[in-house]
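Enquirer: Using the sequences and the hints, build the whole thing.
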Amino acid sequence: MCGLAHYLERHGLPTVAIALIGKHAAAMRPPRALAVPFELGRPLGAPNAPEFQRRVLGDALRLLARTDGPILETFPDAPPAPAELPPWTPPIAPARTEAASGDDAAIAAAAAAEIAQLRPSYERWVSAGGRRLDRITGKAPEEIVALILAFTRDPAMASPMAGYPAHLAVKFAADDLKHFYYEAALARPARVTDLEMDDWFFARTLAGGLIVRLRDVLLKSDDERVRSFAATSFVRAR
Amino acid sequence: MFLDDMPEPQRSALLDHLMPDLGETPCVGGPPLARRRIALVTTAALHGFRDPPFVPGRAEYRVIPDDMDMGALVTSHVSTNIDRIGILNDIDTVFPIHRLRELVAAGAVGATAPRHYSFMGATPPMAYAELIAEVADEMKRDRVEGIVLAPV
Numbered sequence: 225m226c227g228l229a230h231y232l233e234r235h236g237l238p239t240v241a242i243a244l245i246g247k248h249a250a251a252m253r254p255p256r257a258l259a260v261p262f263e264l265g266r267p268l269g270a271p272n273a274p275e276f277q278r279r280v281l282g283d284a285l286r287l288l289a290r291t292d293g294p295i296l297e298t299f300p301d302a303p304p305a306p307a308e309l310p311p312w313t314p315p316i317a318p319a320r321t322e323a324a325s326g327d328d329a330a331i332a333a334a335a336a337a338e339i340a341q342l343r344p345s346y347e348r349w350v351s352a353g354g355r356r357l358d359r360i361t362g363k364a365p366e367e368i369v370a371l372i373l374a375f376t377r378d379p380a381m382a383s384p385m386a387g388y389p390a391h392l393a394v395k396f397a398a399d400d401l402k403h404f405y406y407e408a409a410l411a412r413p414a415r416v417t418d419l420e421m422d423d424w425f426f427a428r429t430l431a432g433g434l435i436v437r438l439r440d441v442l443l444k445s446d447d448e449r450v451r452s453f454a455a456t457s458f459v460r461a462r
Numbered sequence: 299m300f301l302d303d304m305p306e307p308q309r310s311a312l313l314d315h316l317m318p319d320l321g322e323t324p325c326v327g328g329p330p331l332a333r334r335r336i337a338l339v340t341t342a343a344l345h346g347f348r349d350p351p352f353v354p355g356r357a358e359y360r361v362i363p364d365d366m367d368m369g370a371l372v373t374s375h376v377s378t379n380i381d382r383i384g385i386l387n388d389i390d391t392v393f394p395i396h397r398l399r400e401l402v403a404a405g406a407v408g409a410t411a412p413r414h415y416s417f418m419g420a421t422p423p424m425a426y427a428e429l430i431a432e433v434a435d436e437m438k439r440d441r442v443e444g445i446v447l448a449p450v
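Heads up: the sequence lines are chains A and B, in that order.
Every position in the first sequence, counted from 1, becomes a number in this note's numbering once 224 is added.
Every position in the second sequence, counted from 1, becomes a number in this note's numbering once 298 is added.
Because the hints were derived from the structure by calculation, they are not lab data.
Hints may be right or wrong, so weigh each one.
[Claimed, not checked] Residues from chain A that face chain B, not an exhaustive set, calculated with beta carbons under 7 angstroms: (1) Pro255; (2) Ala259; (3) Gly265; (4) Ser351; (5) Arg355; (6) Arg359; (7) Ile360.
[Unchecked claim] For lysine to aspartate or glutamate, the following DMTMM-like pairs were computed, each having C-alpha atoms within a straight-line distance of at most 25 angstroms: (8) Lys247/A x Asp303/B; (9) Lys247/A x Asp301/A; (10) Lys438/B x Asp367/B; (11) Lys363/A x Glu308/A; (12) Lys363/A x Glu306/B; (13) Lys438/B x Glu306/B; (14) Lys247/A x Glu297/A; (15) Lys363/A x Asp440/A; (16) Lys247/A x Glu306/B; (17) Lys438/B x Asp365/B; (18) Lys438/B x Glu400/B; (19) Lys438/B x Asp314/B; (20) Lys247/A x Asp292/A; (21) Lys247/A x Asp349/B; (22) Lys444/A x Asp328/A; (23) Lys363/A x Asp349/B; (24) Lys247/A x Glu322/B; (25) Lys444/A x Asp327/A; (26) Lys438/B x Asp292/A; (27) Lys444/A x Glu420/A; (28) Lys444/A x Asp378/A; (29) Lys444/A x Asp422/A; (30) Lys438/B x Glu358/B; (31) Lys444/A x Asp423/A; (32) Lys438/B x Asp364/B; (33) Lys247/A x Asp302/B; (34) Lys247/A x Asp314/B; (35) Lys438/B x Asp283/A.
Here the structure is a predicted model, which is why all the values come from computation and not from measurement.
Glycine residues also receive a C-beta, built at the ideal position from the N, C-alpha and C atoms.
Expert: Put into structure tokens, the structure is as follows:
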């Protein structure tokens, strides 16, 4: 981020970088930066807080007028508290552990049943205008389950996405599947964090368990780059 | 997650990550904000769902046309640490396009640029050095006079 700011400014374009990690901005000294005391991943502070987001953006934009760089200002306020919403509860009962231990056909059937349980909530999310992050591969959740099972059985299979190595293609598919679950789980307004959602998905759903298995298969790859990718790209380190 | 809530050793690893020294870059001036055309740059690996997803480690970018349906944006960022809940609930949490338009409507900002740009963070910045010349040329053609870069 700060590197891009340096390069763009050197091409004659005025920049201001919002910085979630002030220490990094201080080290990289971009021409202008606004350090923000927000959660990682939330450079404008919080979702559905337009007034606060406008303040953050306005403060960043105002730095453009200055030419006494490197400028590093700090936004003074913490993000607003989340709206008063009921605590989140999982939309379905936890998957039975024995469901993940049968043969592939049995696992696929159990996963299809889990997906079917979530589909009404997912459709409610979509029909209410909710964002759909679950469409990178264009595959339906049941197809993704089949793909993950096939890859887990044969990690040397051909990539299902032209131009992308197989391990990256299954990562995109895994994200599509995860996002289908997240979207279904967000259909009922509730207070929930990314961590709580991750904990539910990976520990309490069959689909999440399949992605953990997928990660574990990739961790055994002969290719060090694939092992390194697997270690950081499927399940959040806790 | 706030940085201070991040467990060790991830917190220290992130905080103490050795940042490249790109020296200092003189600030470029410009007209008053109310007359500037502003482009957004995100490193959240956002793109339209029909666009090809990002490849980790490859220096590349996607264009987000100002007039595209922002509801079609997805992220192919590979990091497991990206806060998906914020993005799912409100794209302006990472890409403040609607807030920028409001500032334009209020007269505080001149205009939005016709094109915005998306990168995937975690790619070493030096990898972008040449590619940025191309992006900068496009921005100049669009008469951009200010860029807000938002991380993720």
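Enquirer: If a hint holds in the structure, say so; if it does not, say that too.
Expert: The hints, checked one at a time:
{"no.": "1", "hint": "Pro255", "in the structure": "holds (5 angstroms)"}
{"no.": "2", "hint": "Ala259", "in the structure": "violated (11 angstroms)"}
{"no.": "3", "hint": "Gly265", "in the structure": "holds (3 angstroms)"}
{"no.": "4", "hint": "Ser351", "in the structure": "violated (13 angstroms)"}
{"no.": "5", "hint": "Arg355", "in the structure": "holds (5 angstroms)"}
{"no.": "6", "hint": "Arg359", "in the structure": "holds (4 angstroms)"}
{"no.": "7", "hint": "Ile360", "in the structure": "holds (5 angstroms)"}
{"no.": "8", "hint": "Lys247/A x Asp303/B", "in the structure": "holds (16 angstroms)"}
{"no.": "9", "hint": "Lys247/A x Asp301/A", "in the structure": "holds (18 angstroms)"}
{"no.": "10", "hint": "Lys438/B x Asp367/B", "in the structure": "holds (24 angstroms)"}
{"no.": "11", "hint": "Lys363/A x Glu308/A", "in the structure": "violated (36 angstroms)"}
{"no.": "12", "hint": "Lys363/A x Glu306/B", "in the structure": "violated (37 angstroms)"}
{"no.": "13", "hint": "Lys438/B x Glu306/B", "in the structure": "violated (44 angstroms)"}
{"no.": "14", "hint": "Lys247/A x Glu297/A", "in the structure": "holds (12 angstroms)"}
{"no.": "15", "hint": "Lys363/A x Asp440/A", "in the structure": "holds (23 angstroms)"}
{"no.": "16", "hint": "Lys247/A x Glu306/B", "in the structure": "holds (17 angstroms)"}
{"no.": "17", "hint": "Lys438/B x Asp365/B", "in the structure": "holds (19 angstroms)"}
{"no.": "18", "hint": "Lys438/B x Glu400/B", "in the structure": "holds (23 angstroms)"}
{"no.": "19", "hint": "Lys438/B x Asp314/B", "in the structure": "violated (36 angstroms)"}
{"no.": "20", "hint": "Lys247/A x Asp292/A", "in the structure": "holds (20 angstroms)"}
{"no.": "21", "hint": "Lys247/A x Asp349/B", "in the structure": "violated (34 angstroms)"}
{"no.": "22", "hint": "Lys444/A x Asp328/A", "in the structure": "holds (20 angstroms)"}
{"no.": "23", "hint": "Lys363/A x Asp349/B", "in the structure": "holds (15 angstroms)"}
{"no.": "24", "hint": "Lys247/A x Glu322/B", "in the structure": "holds (16 angstroms)"}
{"no.": "25", "hint": "Lys444/A x Asp327/A", "in the structure": "holds (21 angstroms)"}
{"no.": "26", "hint": "Lys438/B x Asp292/A", "in the structure": "holds (23 angstroms)"}
{"no.": "27", "hint": "Lys444/A x Glu420/A", "in the structure": "violated (28 angstroms)"}
{"no.": "28", "hint": "Lys444/A x Asp378/A", "in the structure": "holds (12 angstroms)"}
{"no.": "29", "hint": "Lys444/A x Asp422/A", "in the structure": "holds (23 angstroms)"}
{"no.": "30", "hint": "Lys438/B x Glu358/B", "in the structure": "holds (19 angstroms)"}
{"no.": "31", "hint": "Lys444/A x Asp423/A", "in the structure": "holds (24 angstroms)"}
{"no.": "32", "hint": "Lys438/B x Asp364/B", "in the structure": "holds (16 angstroms)"}
{"no.": "33", "hint": "Lys247/A x Asp302/B", "in the structure": "holds (13 angstroms)"}
{"no.": "34", "hint": "Lys247/A x Asp314/B", "in the structure": "holds (8 angstroms)"}
{"no.": "35", "hint": "Lys438/B x Asp283/A", "in the structure": "holds (24 angstroms)"}
In summary, the numbered hints that this structure violates are 2, 4, 11, 12, 13, 19, 21 and 27.
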